[in-house]
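Protein chains: 2
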Amino acid sequence: MTAKRTDVLALGNAIVDVFASAEEDFLIAHELTKGAMMLIDEDRAETLYAAMGPSKIVSGGSAANTIAGLASFGGKGAFIGKVKQDELGKLYKHDLTSLGVAFDTGFASEGPATARSFIIVTPDGERTMNTYLGACQGLTVADVDKAAVQDAEIVYLEGYLWDPPAAKEAFRKASEFAHAAGGRVAITLSDSFCVDRYRDEFLGLIRNRLVDIVFANEAELKSLYQTADFDTALAALRAENIVAAVTRSEKDALAVTPDGIIAEPVFPVERIVDTTGAGDLFAAGFLYGLTSGREVRDSLRLGALAAGEIISHVGARPDISLKTLAGNEGLL
Amino acid sequence: MTAKRTDVLALGNAIVDVFASAEEDFLIAHELTKGAMMLIDEDRAETLYAAMGPSKIVSGGSAANTIAGLASFGGKGAFIGKVKQDELGKLYKHDLTSLGVAFDTGFASEGPATARSFIIVTPDGERTMNTYLGACQGLTVADVDKAAVQDAEIVYLEGYLWDPPAAKEAFRKASEFAHAAGGRVAITLSDSFCVDRYRDEFLGLIRNRLVDIVFANEAELKSLYQTADFDTALAALRAENIVAAVTRSEKDALAVTPDGIIAEPVFPVERIVDTTGAGDLFAAGFLYGLTSGREVRDSLRLGALAAGEIISHVGARPDISLKTLAGNEGLL
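Heads up: the sequence lines are chains A and B, in that order.
Under this note's numbering, the residues of the first sequence are numbered 1417 to 1748, in order.
Under this note's numbering, the residues of the second sequence are numbered 1417 to 1748, in order.
Excised from the complex, chain A in its bound form (with noise of 0.2 Å):
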């Protein structure tokens, strides 16, 4: 295997997230499942907009968060996604491109606005997501630069891209040049309803070894093997003799491995704020850890610390670098 001049690829919705604060009762009223995510259409997203209070916009995609957070760390990132040329989209590929990450995927010049996800963050700190897929409908394979992720140590993929129709292959797409390239591919779950809707698709990826490291949690892995019990979900990933990274909210992350299971308790925070992005901040910890050499153990710290800083601040992309906080704590 040639040296790859890029750590990761990530593949993945490219979204402007839209956060407002809101109580309790504000799910109930838009009937809202609290924490997951939901297809909304235009209309939908229109209506639920003119009901929320004041929002701070900040460019999100869980795949793309990943991303951000690796380049964070200071590792080489790169990310395919679709947005259109319209104000958001503009904002999101600065966003993106300003932190080091190549991100070559050209606009789409009509059709759909650039995709946006209306979060509604109660007072616990957790996130409810309404996402318009808007311009992320016309992600391909066309899209999918082979020569880049030719480049790419690790492949990123997100559950997500089952969502809109053409991404699906894009996925297939990019994992199979991953593979004949010689590097690795990850798959995050992305969310336990998506897993309900392509469960069978989701395990045929995995046994079909188009993915070679699976990034879930408790509730996406439960709903995965259709249990309500932990250990069982968990004995049922081993099964599958993969490597897996298992975050559960505030208990220990674990790293599944051919080898065994390994935990590494959460990182502590002051005040959860605002819960967006924190298992695509865990995987970036985590994938960093990997890219860059270290022990299975130091990445599951790596990803801890990512995902405490994420959640202490509304919004799922890093508020300070990550390189210089885990050299604070001494884990760089």
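I should point out that these hints are in silico values taken from the structure, not numbers from a laboratory.
Take the hints with a grain of salt, since some may be wrong.
Which copy is meant is left open, so a pair is good if it fits within one copy or across any two.
[Claimed, not checked] Straight-line alpha carbon distances no greater than 35 Å define the calculated DSBU-like cross-link-like pairs of lysine-lysine that follow: (1) 1589 with 1638; (2) 1450 with 1420; (3) 1506 with 1589; (4) 1506 with 1667; (5) 1739 with 1450; (6) 1506 with 1450; (7) 1589 with 1420; (8) 1667 with 1638; (9) 1638 with 1506; (10) 1450 with 1562; (11) 1667 with 1562; (12) 1584 with 1506; (13) 1450 with 1638.
Based on these hints, arrange chain B on the given structure of chain A.
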């Protein structure tokens, strides 16, 4: 004087804030004057934005921030300001009206884009603002809704309105309507460089009683009276025989009235994250106090509380309900 339906109506530049963190050397490299508001043209805006890191977008504008704060306390606010009918303009309108603020100024349908301020936040929490006025330049006397102004107990105007060419006439007209209807008029001096640009006109507004209440910080007051000594500036302000509220960063805030000077300490904050909007939110609390019939000292306390909230996070609009916060602190 009949009862007014609005506590405070503000007239100001309607600006979307684009926040990015940067080290001090960014300010030097781009020749930015730390802590100041500088006006930039479209080319400069593009250059600066390209050099900035990832950003967060939050509605801003000095007087609008004050009205947002007033509404968060539970006050009845209204705003006059000009945005274009573009993505950021619609976002801007949403953020104010969702707080219950009356904002009925017509969108600009052509001409420059909605204004934005590129705000660099250094590690000490200080903000340096670079403002592209855009659509704000289209605010004219025709936008001053006479009935709305007459309905306000206090009309609040920002000194920054002297920058766009036509707005100062709107300012004067609003003052005239307010006084004719038995209302009071307040001005914030906005920025020491702004005072430097328009010193004689600002002194004229005070001495000709076009304004009844003055908000200033220490630097603005020194600039107004062209002295390096705060006590000299304060004595000159007292000699105007006017009501004024003066903030001094971490030092006590002062209320100056014909009866004397009242001082109240700042509200303690754990960490100063971003000072943007500190003066705006101080004004919000003070004005809410005055218009809800509170004593001057209590109004100072509400101002200090709101300023403390705003500097503890990125963005110049409150993250939490100031009414709730003030209730928790026993101030309401």
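So which of those numbered hints doesn't the model satisfy? 2, 4, 9, 10 and 11
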